[in-house]
Each structure stands twice: as structure tokens, then as C-alpha cells.
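J.: The primary structure of each chain is shown beneath.
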Amino acid sequence: MQDFEPTVIAFVCNWCTYTAADLAGTARLVYAPSVRLIRIMCTGMLDAKYVIKAFLEGAEAVLVSGCRPGDCHYLNGNYKARRRVKLLKEILPHFGIVPERLKLTWIGASDGIEFAETVTRLAETARRLGPSEARRAMIL
Amino acid sequence: MNNGHDQPRIGVYICHCGHNIAGTIDVAAVAKYVEGLPGVVVSRDYKYMCSEPGQELIQWDIKGHKLNRIVVASCSPLLHEHTFRNATEKGGINPFFFQMVNIREHNSWVHTDRAAATQKAKAQIHGAVRRVAGHRALETKKVAIHPDVLVVGGGIAGIHAAVTMANAGKKVYLVEREPSIGGHMAKFDKTFPTLDCAACILTPKMSSVGNHPNITLWTYSEVAKVDGFVGNYKVTVKRKPRYIIEDLCIGCQECITNCVYKEAKFPDEFNEGLGKRKPVYIPFAQATPQVVLIDPELCLNFKRGVLTDKCKKTCVEACADRKAIDFQQQEEIKEIQVGTVIVATGFKTFDAKRVPYYGYGKYQNVYTSLEVERLVNASGPTGGEVILRDGKKPQTVAIVHCVGSRDVNYHEYCSRVCCMYALKYGHLIHDKIGPEAVIHDFYIDLRCFGKGYEEFYRRCQEEGVHFIRGKPAQIECREGKLVLVGEDTLLGRLYRIPVDMVVLCAAMQARKDAEEVGRIFGVSRSRDGFFLEEHPKLAPLSTATDGVFLAGTCQAPRDVPDAVAQASGAAAKVLSLIVRGRVEIEPTISWIDPDICAGCQVCLGLCAYSAISFDERRKVSVVNEALCKGCGSCSGFCPSGAARSRHFDNRQIFSEIDGLFDAIHAVGR
Ligand code: FES
Chain A
1 MQDFEPTVIA
11 FVCNWCTYTA
21 ADLAGTARLV
31 YAPSVRLIRI
41 MCTGMLDAKY
51 VIKAFLEGAE
61 AVLVSGCRPG
71 DCHYLNGNYK
81 ARRRVKLLKE
91 ILPHFGIVPE
101 RLKLTWIGAS
111 DGIEFAETVT
121 RLAETARRLG
131 PSEARRAMIL
Chain B
1 MNNGHDQPRI
11 GVYICHCGHN
21 IAGTIDVAAV
31 AKYVEGLPGV
41 VVSRDYKYMC
51 SEPGQELIQW
61 DIKGHKLNRI
71 VVASCSPLLH
81 EHTFRNATEK
91 GGINPFFFQM
101 VNIREHNSWV
111 HTDRAAATQK
121 AKAQIHGAVR
131 RVAGHRALET
141 KKVAIHPDVL
151 VVGGGIAGIH
161 AAVTMANAGK
171 KVYLVEREPS
181 IGGHMAKFDK
191 TFPTLDCAAC
201 ILTPKMSSVG
211 NHPNITLWTY
221 SEVAKVDGFV
231 GNYKVTVKRK
241 PRYIIEDLCI
251 GCQECITNCV
261 YKEAKFPDEF
271 NEGLGKRKPV
281 YIPFAQATPQ
291 VVLIDPELCL
301 NFKRGVLTDK
311 CKKTCVEACA
321 DRKAIDFQQQ
331 EEIKEIQVGT
341 VIVATGFKTF
351 DAKRVPYYGY
361 GKYQNVYTSL
371 EVERLVNASG
381 PTGGEVILRD
391 GKKPQTVAIV
401 HCVGSRDVNY
411 HEYCSRVCCM
421 YALKYGHLIH
431 DKIGPEAVIH
441 DFYIDLRCFG
451 KGYEEFYRRC
461 QEEGVHFIRG
471 KPAQIECREG
481 KLVLVGEDTL
491 LGRLYRIPVD
501 MVVLCAAMQA
511 RKDAEEVGRI
521 FGVSRSRDGF
531 FLEEHPKLAP
541 LSTATDGVFL
551 AGTCQAPRDV
561 PDAVAQASGA
571 AAKVLSLIVR
581 GRVEIEPTIS
591 WIDPDICAGC
601 QVCLGLCAYS
611 AISFDERRKV
621 SVVNEALCKG
631 CGSCSGFCPS
641 GAARSRHFDN
651 RQIFSEIDGL
661 FDAIHAVGR
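Quick mapping for you: the protein sequence lines, in order, are chains A and B. Residue numbers for the first sequence follow the working numbering, so the first one is 1 and each next one is one higher. Residue numbers for the second sequence follow the working numbering, so the first one is 1 and each next one is one higher.
Note that these hints are calculated values from the structure, not bench results. One or more hints might be untrue.
[What the hints assert, rightly or not] Facing chain B, from chain A, some residues (calculated, C-beta under 7 Å):
{"#": "1", "residue": "30"}
{"#": "2", "residue": "31"}
{"#": "3", "residue": "33"}
{"#": "4", "residue": "36"}
{"#": "5", "residue": "42"}
{"#": "6", "residue": "44"}
{"#": "7", "residue": "45"}
{"#": "8", "residue": "53"}
{"#": "9", "residue": "58"}
{"#": "10", "residue": "77"}
{"#": "11", "residue": "80"}
{"#": "12", "residue": "90"}
A quick note: this is a predicted structure, and the numbers were derived from the prediction, not measured. Using N, Cα and C, we set each Cβ at its ideal position, and we do this for glycine too.
Let's have the full structure, built from the sequences with the hints guiding it.
T.: Shown next as C-alpha cells:
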């Protein structure tokens, strides 16, 4: 358990959070290397299956992050994502996954600092929760 | 060209970006790892991939190694995705057979541990290699832009935009709801800070609209419906009956003189109700077009808007053989085809009655700003004399700023123009009443930000306007005087100041039907109710709907110079689209597999752009490619998996996830 390094998969929208992550890079803000980003055009595009797949493959935490309410490049995709994430949080326990491992945030294009802090905090949560239940249950 | 169904032959290029990437990531080790991945034929690391030789390297390899997929691991795709897509295309394969990996902003710049960063790079590229194998060839479609333009709203912004484009040789339809163009500016007396008369600068512009061979002017008309997409809009315009045949009316106004009503007795909208008009009228002297209209609510030939034919019709007699009056006229529907739209529907002034403690509507000598514009105007109801509703000439006048704006109870925003026109009133009233007039100006802050504005403020100070910092809390009526009660926040003292006349500087606000109008044109609104631009800084004229632009005060409060500047900008945007002739439609949009679609129609409600329709015959949903923006709201939810986002297909994202975890299993995390 000592040197356990959790994998965090982040589904981020192209227009806001991806750009925020770029900004975190430009500002050289350091965060855990186990954070892996997957770019989608808008969080509204997020299929619930992506999140489940990431957990079943062994992710210790999943972040879904898009534009702030009202800022979505496609008007309201982020609200649709919010509904999907809410449903997912109800479903995850059925897979033996603690809902805390899934997080939804709004991080605007200029919030590089907030991006770095968010993923760092999520990685800490995952570290505290330990290796994914899905993996421990040897579903994999 | 292959469509992506053959065996992948992938080339992977890892950029050093000088020291930026190579300083943290062991690029050679990554290249070595990638070499062993399934489908990878070439794996190289190179100093600067975005340089000419870097791009040529890709092109050479495509030819030499018969590559059909390219992965570049370097900086953010927001910087160089285009560069490498072009290089891929130049090499002879479809630009969408390319995937970019961000190992700089998302890796070398944010991680310090070389081993961990290297492992992450391996995983990131592994994901891209898996993903790119499933990419499909996509073609960027081009559609022609119809060269005609629709301008909605004939205020100064709409007029300016229409004339600009018409002068460039484009055919413009200008649709105005009121019987004449001119908007608010036509009501103004002088314009700040130069004090040139509004009519003198506006009238020539209005008549150039009326006479322009390239402008079709439809006043007293409204846009009812807009269908289609950028370059190809079908617009339905409703023309309200004015009971006058426009082509036959010569504007002689004989009908008005000869109306059975000898006296004008109905409140006149153009003069804010301060003047009177007849049932047959022309809104104002310089109205464009110079065509009268009949108000069916007031005309004796109608009863509550329904034709009764009971009047003597002296107007028809007066019109004689011109035969311009037509009581049978009906609403007319016009359908036009345009490529682009400029929305310039303007603003409305805040209803000062909503602030009960200022007594507007209760005390007759409390006026709103627009009323004062008419009152000081030489062509206004008093011929430019400041005469109050009770017939007296005021000696002391109070001007109150920010009525309805900068007030959390009404509008939080600053209305931007009130400070300046308040100063202007101070000057004009001094001018009309004489130097003995006492003018008190109650403000919160004076915002004189524009060219020549601060200088104008100084000038008004020197003319002797009393500036008092502190909005009145209340206006009372005591012995025929209006008494303003409040606190002077600079002196820290309460004031009670009696005056003869109060001017309320009412805020500019969004029009009541802005929401409905927004829906017609696919434009959303910001929290303050005004139309929302695409980007507050970098795309202030365009909207979320391609080909629809904003000009003037429908987007935010602004003054005449700014509205005109914005109108020029919107016209330039339209012209640049027309000159280009075609728009490219991004191929990364959604499609619905008709073989899988179960016809549940959930996607119809999810689509924010009304881009999905239901094909009743085949019982499946269909995406209108020109309207779809590729947000993927449909594909993210489609219960049967029929709706897909091109280039962000389920299979492609799954492969990326697989690749990321394959790497973790292979090299650890
Ligand atoms: S584009 Fe960022 S959430 Fe929709």
C-alpha cells in the first residue's frame, strides 16, 4: 500500500477544461503523473459507458470536467453531463465502486490553477480509498 | 483513397521540443517502446516536429513506408493539430487519419519525475496508437453562401450595417417592426459629446436606405420564422397591413389634413405620448419611408380593429385618384432566401414606474429621459421649449442617474450611456431656459470614458451644473414643488432639495420579446437579458449560430458611436463570408445509423441546435449536417447506440482507454 499510485482518468471538454490543463502546463504547475486526460469535444458527449469502462479497466478515480454552467461551447452540454454523472453515481455501487471515485467539476479555460488543484485532490482521494474495488474483486 | 478499413500502418513521431519535452521525458525510450506496439511501422523522435523538416519527415515516411495512420506526440493539439493534419494530408492520406498526443502541456511541463513522466508518455501514445487505428476518413464539406443579407431592425446599427453592405454591392433586406426606420436615435435631439443634431446626421442615412437600389426596405414588418443554416437561410417575414398601398402613397399627407378628426387627439408614440396624432398619421417628419399609415384601433372606419366601413372617408376623397388607401389590406407573408443575418433589434428603456419612490406617473413633472429628448427637440411637441405638463417653465431641474441600472433590485449592470446624456441634458436645459436655470445632477459615479467625454463633463461643470454624489432615496411633492431627499455621500450630509422638474435617467434594457426573437434566430441571451455574443472578447459580433451576427444595443447597452462601429464590424463579418463564397462544414459531427435507430426520438430533445429531425416514413432520426455542431449530446445518450459522433466514436474512445491501460499493464504506472 505504501507506494500505491492511483490512476486517475479525466474526461475533459475541448473548450474549457482541456484548455485549463494546457494553462496549468504553461504555468508549470506540478501534479501527479498518474493523471491521464482523454479529450472529448464537450462533456455532453460523455457516454456513461466511458466512465464504467475506465473503472473496469482499473482506474482508481474518474474526473469529468467541462465548462462552467452557462459557458458550454454547445450551450448546455454540461447540464446533460451533470444528469449523466448523477445517474452514474447511483449505478456505480452496483459494480462495487465507491461513488466518491467519480467527480464532476466545471473548470473554465482560464482556471489552470483550479485544474491542477482539482486533479491533485482527486488523486489524494483515490490514494485514501486505495486500489479500485473493481480491481480487487478481480472482475478484471 | 482508402476509407480506413485496411490494416493500419502507423507512423509515430515524438517531438523533443528542444529541451521542453526531452528534458523531462526519455524520448528515445518512448520511441523504442512504441515501436513494439501492434500496427506501428515507424517510430521516431525528432527535435522539432512542427518545423519544415519535421513535417516533411512525416510526408516522406507516408510515401516510403506506405503509412496510413500518423501519431504525433508533442505540444497541445490546440496549437498544432492543424499543422500536422495538413502535413498528413500533404503526404497523401486523409487528414483525419491523424491523432495528436499532448506530452508537453499535459506531461513534461507538469511532472518532474523523469521515470514517471516517461511512463505516462508511453501510456498516452499507446492510447493514441490504439485510437488512430480506428479512425475513419472524413471529408470536409463546402456549401455555397447565398449573397443576400437580412438585417433585422432599422435603428442606427441596422441602418449603418445595411448601407455598408448595400454599398459593397450586396442585396440587403432591412426589416423593421415600426412604420419607419430610425429607431431611438431618430427621437434624440443632440448627441453627446459633440452636440451635433441627431436628425441632421441620421436623416441622410435614412433616406439613403430608402433610395438604395440594393436595399429592400420592409417597415411595419416582423420576421416570423428562420429555417436553414449558414449560407442558406429561408426567412419568413410578416408584413402588417398599414391600409395604405406603399407604392402609390407619395407622402403628401393630404389624407391626414382631411381626416374626419379635425384635431389630433391621440397620444403620439414617437413623442412618447407628449404630442398628439390622428388615426391616419406619419410617425415623424423625416420618416422613411414617407408613407402614412392608418391605425385600425382608432380609425372610425374600423371598430376595434375590424372593418365596418361606417366613416365618411374624407381621407379617401383627399387621396383622390392616387388611390393609395386600401381598407381591405391584409397581412402579407413574404419568403426570402438569404445567406447571413444581422440582428440589430435594439433596446427598450426601463419603465420608471417600477421605482415607486421616484413618483413617475404620479407626479406630472417627473419625466423620463426619452420624454426629455422630445421636449428639448425643436421638432418635438413643444417646438423645443422646455414647458412642463402643467404649462410652466421650470427654473430648477433635477437630473437623477441610474434609474433601474446599477441597482440590485432592477438591473445590476451599468447602462453606459446615462451619465453622458445626463450631462447633455444639463447643457441643453441651461441653453433653453437660460443661465438663471439651476440644475442639480444626482449621480453615483460619473462614467465619462469615451473620446471627448471627460472634456464634455468638464465643460458642464464650468457651465454651473451642481453635481451631487448620492442618488435620492425618495422624491416627494410639497406645495407644488418636487423635493428630492437623500444623502450627499461626499459631504456626509442629508439633503432635501426642492425643484420644478425631475428627469429620470432610465436604464437601457433588453426588449421584452428578446427571448422569442432569440429563439427565431438561434441566439441565446446572457444573464442581463441581452443577446449573447460568441465570445465576450474575441468574437463579440458573432453568435453561437453560424452566419448570424449582432449589432447595436440588442447585445448590450451602448452609445451611437459604439453601435455604429459594431454595425460596421458585423457588416464586415458578413461581407467576408460572402466574399469567401463558401463555408466549410466541419466533418466531426454526429450521424445516426438508420439500421440501429429505434426511433425513440430522445435525441430530438437533447439537441441544442434543432439539428435532428424525425423521418416519419423510415421512422428514424436524421441529423441535418449543416446544423449539427458536433457536440455529441445525442451520441452520449442514445440508448441504442445509433447516434455517433464522428471522430469521437465510442469505439475510438474505448480504444484510447484500452491503450492507456494496456500501457499500465506493460510498463506500470
Ligand atoms: S464544451 Fe465544455 S462542457 Fe460543453
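J.: Evaluate each hint against the coordinates.
T.: Hint by hint, here is what the structure shows:
The beta carbon of residue 30 (chain A) is positioned within 7 Å of a beta carbon in chain B (closest approach about 6 Å), and the interface hint is therefore held. Contact between residue 31 (chain A) and chain B, as hinted, is supported at the beta carbon level, the nearest pair being about 6 Å apart and thus within 7 Å. Using the Cβ-Cβ criterion of 7 Å, the hint placing residue 33 (chain A) at the interface with chain B is satisfied: the shortest such distance is roughly 4 Å. For the restraint placing residue 36 (chain A) at the interface with chain B, the shortest Cβ-Cβ distance is roughly 5 Å, inside the 7 Å limit, so the hint holds.
A hinted interface residue such as residue 42 (chain A) counts as satisfied when its beta carbon comes closer than 7 Å to some beta carbon of chain B; here the least separation is about 5 Å, so the hint holds. Evaluation of the residue 44 (chain A) hint against chain B yields a held restraint, the C-beta minimum of about 4 Å falling below 7 Å. Interface restraint check for residue 45 (chain A): the shortest CB-CB distance to chain B comes to about 3 Å, inside 7 Å, so the restraint holds. With a least beta-carbon distance of about 5 Å to chain B, the hint placing residue 53 (chain A) at the interface is held under the 7 Å criterion.
A cut of 7 Å between beta carbons decides the hint on residue 58 (chain A): the least distance to chain B is about 6 Å, and the hint holds. Residue-level restraint check for residue 77 (chain A) holds (minimum Cβ-Cβ distance to chain B is 5 Å; threshold 7 Å). Nearest Cβ of chain B to the Cβ of residue 80 (chain A): about 5 Å, under the 7 Å cut. The hint holds. Interface hint at residue 90 (chain A): violated, since its Cβ lies 16 Å from the closest Cβ of chain B, which is beyond the 7 Å cut-off.
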